[in-house]
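Chemist: Heads up: the protein sequence lines correspond to chains A and B, in order. Counting in this note's numbering, the first sequence runs from 1 upward without gaps. Counting in this note's numbering, the second sequence runs from 237 upward without gaps.
Hints in this document: simulated from the structure, not taken from any laboratory. In this text the structure is predicted, and so the values were computed from the model without any measurement. Positions of the beta carbon are idealized from the N, C-alpha and C atoms, including for glycine. Each hint should be verified, as a subset may be incorrect.
[Said to hold, decoys possible] Stretch by stretch, here's where chain B covers chain A in the computed footprint (C-beta under 8 Å, at least three residues): (1) 84 to 90; (2) 142 to 152; (3) 172 to 184; (4) 204 to 213.
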Amino acid sequence: MDISSIILPLVEITLAGAIINASVHFVPVGGAPAAMATSTGVGTGTTQLAAGAGFTGLLAAAGMAAQPGIIISNPVHALLIMLSGAVGAMIMLGLTMLIGQLIYVYGVGIVPAADKCDVDPITKDPQSAFITPGTTGHGIPTVCFVSGLIGAALGGIGGGMAYVGLLGLGFTIPAIAGVLAVGFFFMNAVLASYNIGGTIEGFHDPKFKKMPNGVIASTVSSLVAALILIGMSMGL
Amino acid sequence: MDPTLLTLGALALAGAAATVSGCAEDLESDVGSQSNPNSQVQLGPQMGNIHRYFNKAISGEPVSYGLYVAVAGAVAWALMNGGYNPILGLIVGSGVGAITHGAYSLSAYLGRIVGQSKNFNQPVYMDVISTHMGPIMGHGFIAIFTMLLAAYLATLALGNPFPLPLVALIFGITVGAIGSSTGDVHYGAEREYQKYAFGGGIPVANQGDIDIKAETGIRNGLDSSYFCSRLGGPLTGLCFGLIIFLDGWRTVTGNIIGDLMGADLVMKAIIAIILGTLLVIGAAIINRKVEVYARNKYGPYK
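Excised from the complex, chain A in its bound form:
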């Protein structure tokens, strides 16, 4: 194994970890309070929603990588694998947010409203008057939806990039590359979740400013993970 075939996967896996961490900060999750329509966002945990979307993207990326004629070392093909992952993750999160929204509006009877901004930065709709007193918003207003789509796209790109890096390292059996990619994704999603500390509404949330800390943590841990993976690929 020459040095060039090590450096590129090393960079890809390290960068993928940073992108996955960044992606989680965009996903609007309200945790348990959102399940009671007490806070804005999707009513589940940060890591779990990001993982659900990221893994759907990983399936899409792996499906693309397995197509006959795809060559991992070809940059155009590698880009297509990552974009397929991005679109797969966006479809998962987009539909989940949409169906969640239908339940909030028709099943619970609330108006989607963000608590962390007075006016939706995209639609310019005022928000505070539509929030149930005693809660910190509810539902998935447009700014959260768009932020979630950006997060899903980044998560899918990150997952696809890690998968491409693993294939490049010689983990060409999809089962092994897939298991490693799943573990790698969880590692970075959990780091991001610790950085967020509960709930986040999206890129307009003040907590979003903490993102650089999480990205640095993931870059370091992903670099270490990449070095271990390189050792594994060399049979150490």
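Here the structure of chain A is known, so what remains is to put chain B in place on it, guided by the hints.
Modeler: Below, chain B alone, put in the same frame as chain A:
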């Protein structure tokens, strides 16, 4: 037969199986009270609401369903590689997954309820266990079997390179994330708090003040499942089914359009990516329409 037709057929069947799976998964989590709304069931006795809800939070719903379906997938995969009929493998695997689910549910119920008995006088109702375990494991079996069937079709006919247990794990995590994000909101924000007027979120001060009375008599998890089967469950199923179907549909359609144009692999992939992006934009537009509808229909709080 034309391979494209076979792929489309497998895709439709996988989408249908995923739809049933999502619905059963959500209704199971309503009977057993798992996921985020379980925090309210746990809080109930501390607020003076002695209840007859089943109470389990084995872990986050995505991880627990990932476990059950991965167990089922591993057993099925082992049987298939041992030369047994794939259908038999899927059924036996799902049965093992359902038993695993039952074992965790029982221990989670006893652990959580007993933890509240001493300080908050919450009794352990043995009849709640006997009446709820069947529906929990039954709904769980349907969810696991249909998810495993969708995963099997993904590996067999839809070009997924991962082995069955890994696809099963990923599908389990995904369906848990979807059920937790969609259908459980109907249970947590509406069903548990029906005594509060429709049309608002649950203020922090009211959390734990869950309904303990049903339409007739004392409420339990089966009543919640009945209520949520009218909106939360079906929509959860629709969500998972659409995700499986549309993500596969864009690839198949990209290949069909590419073949008609005489395009190469790269162009087919680009068409599939563009189709997927259009689907996402469509979802964003519908989301905005629903938001505007709610703002106009319900108006601000006064």
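Chemist: It remains to establish, for every hint, whether it holds in the given structure.
Modeler: Hint by hint, here is what the structure shows:
A count of 4 residues in the segment 84 to 90 of chain A with a Cβ less than 8 Å from any Cβ of chain B is obtained; the coverage claim is therefore met, three being the minimum. Beta-carbon proximity to chain B at under 8 Å applies to 4 residues in the segment 142 to 152 of chain A; the threshold of 3 is reached and the given coverage holds. Taking a C-beta to C-beta cut-off of 8 Å, the segment 172 to 184 of chain A contributes 5 residues in contact with chain B, enough for the three needed, and the coverage statement holds. Three residues within the 8 Å Cβ limit are the bar, and the segment 204 to 213 of chain A against chain B gives 0, so the coverage statement is violated.
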